[in-house]
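Can you build the whole structure from these sequences, using the hints too?
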Amino acid sequence: RAGALAILVIASPVLSLVSSRAFYRHTVSTTLSPGAKSLVEELSRRIDRSGRLMIEDGPAWAYGDAFLPALLPLSTRVEQIGGPYPFTFIRHSFATFRTCEAFGRPLWETDPSRLRDYLSLYNIRWILAATPDCTARLDALGLSRAWSSGRFTLWETGAGAVSESASFASEPGVDVRSSYGRLDVTIEAGDAPPPLRVLLKYHWDRGLRVAPPARISPMTRLDDPVPFILLEPGGESAISIYYE
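In my numbering, the protein residues as written are 429 to 672.
Bear in mind the hints are in silico, worked out from the structure with no lab data behind them. Glycine included, each C-beta is placed from N, C-alpha and C at the ideal position. The reader is advised that the hints may include incorrect statements.
Beta-carbon label-pair distances, calculated as ranges [stated by the list, open to error]:
| hint | residue 1 | residue 2 | range |
| --- | --- | --- | --- |
| 1 | PRO641 | SER572 | 39 to 45 Å |
| 2 | PRO653 | ARG477 | 22 to 28 Å |
| 3 | PRO534 | THR614 | 37 to 43 Å |
| 4 | THR614 | ARG473 | 25 to 31 Å |
| 5 | ASP612 | LEU502 | 19 to 25 Å |
| 6 | SER645 | ASP476 | 27 to 33 Å |
| 7 | PRO653 | ASP539 | 17 to 23 Å |
So this is what it looks like as structure tokens:
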């Protein structure tokens, strides 16, 4: 009996590893199926850094048993919203898009105009879905299909025509470039008066800093529990917001 117990103790870590590998296979696999590889190549040709891609964080089989939503930002260099954090218990998970649910509500229960407000708020220019139900709902919204192959469908949202310009700022003439822990904002108002306040389409965090005379503060929009960054340029045309 003691020998059997010792073997069980020794074998437990190995058995746990095998069990976890089987259950969480898609979360640790970086080997993409041919279909997923073709998807990455197609996205690289069709999307760019002018807006965000919203991707359905659906079942693993939809992406060839790899956690593709987690790998796409690295592959395309395009900012992404929607996954892969549906079961992460933080307020930011409000922006999750998974299996026909987005922004805290099933897509079938979301008013189309309300959904378009969210697309504009997050500067979402493209949506990618991989499940039949979600594809049917997005088609019903009248979005423009940009590409489709197999189970994958990509839509262009036309976010610029929804309510604000297709950019990461609420005001025209404001360019926002993101990098790790940093936002660089350039304001070129032309003949128009420079904006006094600009909503940046990035979430606020209390660790963010900006050099005076510019100021930043949190601003709540729609139902998102995490506020966005409200920038008061203070007459500056080149502003850096960084995390400290």
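Structure-based check of all given hints:
1. PRO641 <-> SER572: 39 to 45 Å: holds, 43 Å
2. PRO653 <-> ARG477: 22 to 28 Å: holds, 27 Å
3. PRO534 <-> THR614: 37 to 43 Å: holds, 39 Å
4. THR614 <-> ARG473: 25 to 31 Å: holds, 27 Å
5. ASP612 <-> LEU502: 19 to 25 Å: holds, 21 Å
6. SER645 <-> ASP476: 27 to 33 Å: holds, 30 Å
7. PRO653 <-> ASP539: 17 to 23 Å: holds, 20 Å
Checked against the numbered hints listed earlier, the structure breaks none of them; every hint is satisfied.
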